[in-house]
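S.K.: The task is simple: from the sequences and hints, build the whole structure.
The chain contents come next:
There are 2 protein chains.
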Amino acid sequence: MAVTMRDVAILARVSPKTVSNVVNDHPNVHPDTRARVQQAIAELGYRPNHSARGLRSGRTGVIGLAVPELKQAYFAELADAVIAAAAKRGLSVIVGQLGGDREHEIELLTHGLPQTDGLLFSPERLGTEDRDLLAYVDFPLVMLGEWIFGGPTDHVTMHNVSAARAAVEHLISLGRRRIAVIGAHPDDETRQLGPSNLRIQGYREALAAAGIEHDPRLERVVAPWHPEDGADAARRLIDSGLEFDAIFTLTDALALGALRALGEAGRVVPDDVAVIGFDNIAISHLTVPSLSSVDPGRAEIAETAVGMLAERIEWGAGSSRPARLHKAAFDVIVRESSGGTGSGTLGSSGRQSGAAAQTLNG
Amino acid sequence: MAVTMRDVAILARVSPKTVSNVVNDHPNVHPDTRARVQQAIAELGYRPNHSARGLRSGRTGVIGLAVPELKQAYFAELADAVIAAAAKRGLSVIVGQLGGDREHEIELLTHGLPQTDGLLFSPERLGTEDRDLLAYVDFPLVMLGEWIFGGPTDHVTMHNVSAARAAVEHLISLGRRRIAVIGAHPDDETRQLGPSNLRIQGYREALAAAGIEHDPRLERVVAPWHPEDGADAARRLIDSGLEFDAIFTLTDALALGALRALGEAGRVVPDDVAVIGFDNIAISHLTVPSLSSVDPGRAEIAETAVGMLAERIEWGAGSSRPARLHKAAFDVIVRESSGGTGSGTLGSSGRQSGAAAQTLNG
DNA sequence: CAGCGGATTTACTACGTGGTAATCAGCGCT
DNA sequence: AGCGCTGATTACCACGTAGTAAATCCGCTG
Chain A
1 MAVTMRDVAI LARVSPKTVS NVVNDHPNVH PDTRARVQQA IAELGYRPNH
51 SARGLRSGRT GVIGLAVPEL KQAYFAELAD AVIAAAAKRG LSVIVGQLGG
101 DREHEIELLT HGLPQTDGLL FSPERLGTED RDLLAYVDFP LVMLGEWIFG
151 GPTDHVTMHN VSAARAAVEH LISLGRRRIA VIGAHPDDET RQLGPSNLRI
201 QGYREALAAA GIEHDPRLER VVAPWHPEDG ADAARRLIDS GLEFDAIFTL
251 TDALALGALR ALGEAGRVVP DDVAVIGFDN IAISHLTVPS LSSVDPGRAE
301 IAETAVGMLA ERIEWGAGSS RPARLHKAAF DVIVRESSGG TGSGTLGSSG
351 RQSGAAAQTL NG
Chain B
1 MAVTMRDVAI LARVSPKTVS NVVNDHPNVH PDTRARVQQA IAELGYRPNH
51 SARGLRSGRT GVIGLAVPEL KQAYFAELAD AVIAAAAKRG LSVIVGQLGG
101 DREHEIELLT HGLPQTDGLL FSPERLGTED RDLLAYVDFP LVMLGEWIFG
151 GPTDHVTMHN VSAARAAVEH LISLGRRRIA VIGAHPDDET RQLGPSNLRI
201 QGYREALAAA GIEHDPRLER VVAPWHPEDG ADAARRLIDS GLEFDAIFTL
251 TDALALGALR ALGEAGRVVP DDVAVIGFDN IAISHLTVPS LSSVDPGRAE
301 IAETAVGMLA ERIEWGAGSS RPARLHKAAF DVIVRESSGG TGSGTLGSSG
351 RQSGAAAQTL NG
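Protein chains in written order, with UniProt numbering: chain A, 1 to 362; chain B, 1 to 362.
Hints were generated in silico from the structure; no laboratory data involved.
No residue lacks a Cβ here, since even glycine has one placed at the ideal position from N, Cα and C.
Honestly, I wouldn't trust all of these hints.
In silico DSSO-like links for lysine-lysine, alpha-carbon gap of 27 Å or less [what the hints assert, rightly or not]:
1) B:Lys88 x B:Lys71
2) A:Lys71 x A:Lys88
3) B:Lys17 x A:Lys71
4) A:Lys88 x B:Lys88
5) A:Lys71 x B:Lys88
Cβ-to-Cβ under 7 Å is the rule here; a few derived chain B residues that face chain A [stated by the list, open to error]:
6) Leu11
7) Val14
8) Pro16
9) Lys17
10) Asn28
11) Val29
12) Ala52
13) Asp80
14) Ile83
15) Gly90
16) Ile94
17) Val221
18) His226
19) Leu256
20) Val288
Pairwise CB distance ranges (calculated) [said to hold, decoys possible]:
21) B:Ala87 x A:Gly266: 37 to 47 Å
22) B:Gln38 x A:Ala35: 32 to 42 Å
23) A:His111 x B:Ala299: 50 to 60 Å
24) B:His30 x A:Ala42: 19 to 29 Å
M.R.: So this is what it looks like as structure tokens:
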């Protein structure tokens, strides 16, 4: 059996409670006593029992992170950043994969993840119509992404509209006029605030601002957002015979597929078709040609989300503070696929900073 | 305060212990009683308190997975598979990132991850010289990868030697004779069983078996194994003026960089240089050209490792069963970078099955 | 109808920790 | 010396669960 406070207490000739006080850095412990206890702790190799601590205090020191799939690069990088941010605060992270299963997502929202103090949740299938679910959530929760917007819950997200707009404006600045967009989501009629709709909105705004006529046929619906889907969409676009000189894909994963499909069809990127993605996943600067993208500020998102969740946990279950919304700053990263350099050194790229980070309360 | 067994017991007019028996599917509970209790559980929305359960039973139902970095595609996909395999068994997974920090790795091995019943550990910096550490491990542990081989610990790994050999034999079968290898590890003089050494060994075996002279200058040392490093190594290889008509990179990440570097230098893949990687990460079939690779059997590795760990947890701390070693079956996936097709549909590829899975006891 | 054995249920308790409140030691002051 | 005060330490208990062993119930046998 493991070493307990009791064992330490006996060796240090104090009560278990004094050991507890030392471990928890309570004031009013005599320096000599503290030293003696610490000595005993070291000698016995005592480690606090987290289950017991959890039972007594109601905290586990573990937070949950729920994503669709870790094998999607975007979520892997998000998880990486979240785990790093949590570690800074002494929190561990249980990662759950929901695999785009709506039932699981609803179940998760009603019960939370066992063993955790709170949840960071990046849903895929929930929409505005599920907003009511949030009213009954009785554990600390921070949503990543914004499609259940306006509920009583904290949200950390990105500047989907303005970032998408900036990406398309970049394409326009290259002189492109027939700009296709791949990734509109079939569900999004009912999900006005889904990321796909917001990015599409940014796309339309950019066109409108530049006085470019909007051709609905250039908005390509596709789901889910795997590279294969991007390739399929690009092929259908090519086969459609529609003229186009640029593609904005709503994610980098889609762009990877699109790049392949364009290559197979003999369209040269960026000469014939400029391409820009969204997410700035790690491989995007390694594709051939390297992929321009929008960096949504992943580290900032993770840091902020973990911070908000830690605060909610700190405040306790009862407190009903107002929901907050944070949008991370973004960058447009120009690489070869839209005429940037970036061949010489893999890291080089043009960079256009977008809207500053902003946090709203209310 | 949350609903407890006590509350359920009162409502169902039974003792708390009976509720516990129902929850834990004990035999010898009268069907009527069971139904009444389940009714009460549903009515109150009772959920077991995992901390209390953990305290009482000594089990948390959580396992740890420690990897260098989740943002490396290989580890993200591994984590994906591990989480899925754990979920099948009702286990949650806390993911820890050690970032290639040797101190952290040693600390982890001495204390385990808090809040967990056991650990799956894929170290980066530990070597054969750290084997002694394993003697003092007092928690269930399964190592992923084999460089601390021969200790008292279960290992789940891949057929590094024969898989690498198969990859190189494939290149040879294309008629290539000047085959470079990128990824030899500088530390591996002292780590005879590091994956890099084992894969290099497979490379040499393949050359020897084919009667091809071994040119040490074609073995390129590089560390760490990020794509940038692969690009650097490939550039140095090109600049060296050495003649070569194929490259075997010890990981796909290195291959991604190598593909870029070759493209920049005007070498056409696979006509001038055939390339094959190792790991079969998801993007490898999306690169241009798509990347041939060795699929190390990730799902099998994850499944087996979680199974072994679950068994060790089941057996309890005291039992000192013999260490086991499992090597997953592998496949050589032939894609465009070594002359395969795979352009039409993204998924298509040649496939050559390697050694069957094998498990050794002792 | 007492008695038996297995099925079912229960009382009691400990798991390791930390909050509460009580106790105790030491010190300055009257 | 006696008092009150602060700092330091402690006894006691509860958190929610599940193991142990004892108690109770039920159907049947002799």
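S.K.: Give a verdict on every hint.
M.R.: Quick rundown of the hints versus the structure:
1. The suggested pairing of Lys88 (chain B) with Lys71 (chain B) holds, with an alpha-carbon distance near 24 Å, which does not exceed 27 Å.
2. This hinted pair checks out: Lys71 (chain A) and Lys88 (chain A) have alpha carbons roughly 24 Å apart, not beyond 27 Å.
3. Only pairs whose Cα atoms come within 27 Å are accepted, and Lys17 (chain B) paired with Lys71 (chain A) is rejected, the gap being roughly 42 Å.
4. The hinted pair formed by Lys88 (chain A) and Lys88 (chain B) fails the criterion: a straight-line CA distance of about 31 Å is larger than 27 Å.
5. For the proposed pair Lys71 (chain A) and Lys88 (chain B), the alpha carbon gap of about 18 Å is at most 27 Å, so the pair holds.
6. Taking 7 Å as the C-beta contact cut-off toward chain A, the hint placing Leu11 (chain B) at the interface is violated, the least distance being around 20 Å.
7. Because the smallest distance between the Cβ of Val14 (chain B) and any Cβ of chain A comes to about 23 Å, over 7 Å, the interface hint for this residue is violated.
8. About 15 Å separates the beta-carbon of Pro16 (chain B) from the nearest beta-carbon of chain A, more than 7 Å, and the hint is not met.
9. For Lys17 (chain B), the interface hint is violated, since its Cβ never comes within 7 Å of a Cβ in chain A; the closest pair sits about 18 Å apart.
10. Hint status for Asn28 (chain B): violated, given a least beta-carbon distance of 27 Å to chain A, over 7 Å.
11. A hinted interface residue such as Val29 (chain B) counts as satisfied when its beta carbon comes closer than 7 Å to some beta carbon of chain A; here the least separation is about 23 Å, so the hint is violated.
12. Restraint check, Ala52 (chain B) versus chain A: the minimum CB separation of about 5 Å is within 7 Å; hint holds.
13. Hint status for Asp80 (chain B) relative to chain A: holds, with the closest Cβ pair at about 4 Å, below 7 Å.
14. Here the hint on Ile83 (chain B) is kept, as its CB sits about 5 Å from the closest CB of chain A, short of 7 Å.
15. Hint on Gly90 (chain B) is violated. Least Cβ distance to chain A is approximately 10 Å, over the 7 Å limit.
16. Contact between Ile94 (chain B) and chain A, as hinted, is supported at the beta carbon level, the nearest pair being about 5 Å apart and thus within 7 Å.
17. A hinted interface residue such as Val221 (chain B) counts as satisfied when its beta carbon comes closer than 7 Å to some beta carbon of chain A; here the least separation is about 20 Å, so the hint is violated.
18. Contact between His226 (chain B) and chain A, as hinted, is not supported at the beta carbon level, the nearest pair being about 9 Å apart and thus beyond 7 Å.
19. The restraint placing Leu256 (chain B) at the interface with chain A holds, with a minimum CB-CB distance near 5 Å, inside the 7 Å limit.
20. A distance limit of 7 Å between C-beta atoms decides the matter here; for Val288 (chain B) the minimum to chain A is near 5 Å, and the interface restraint holds.
21. Our hint of 37 to 47 Å for Ala87 (chain B) and Gly266 (chain A) holds, since their Cβ atoms are close to 44 Å apart.
22. For the pair Gln38 (chain B) and Ala35 (chain A), the supplied restraint of 32 to 42 Å is violated, since their beta-carbon distance comes to about 54 Å.
23. Between His111 (chain A) and Ala299 (chain B) the beta carbon distance is about 28 Å. The supplied range of 50 to 60 Å is therefore violated.
24. His30 (chain B) and Ala42 (chain A) have their C-beta atoms about 53 Å apart, which leaves the hinted 19 to 29 Å range violated.
Of the hints listed earlier, those the structure fails to meet are numbers 3, 4, 6, 7, 8, 9, 10, 11, 15, 17, 18, 22, 23, 24, in rising order.
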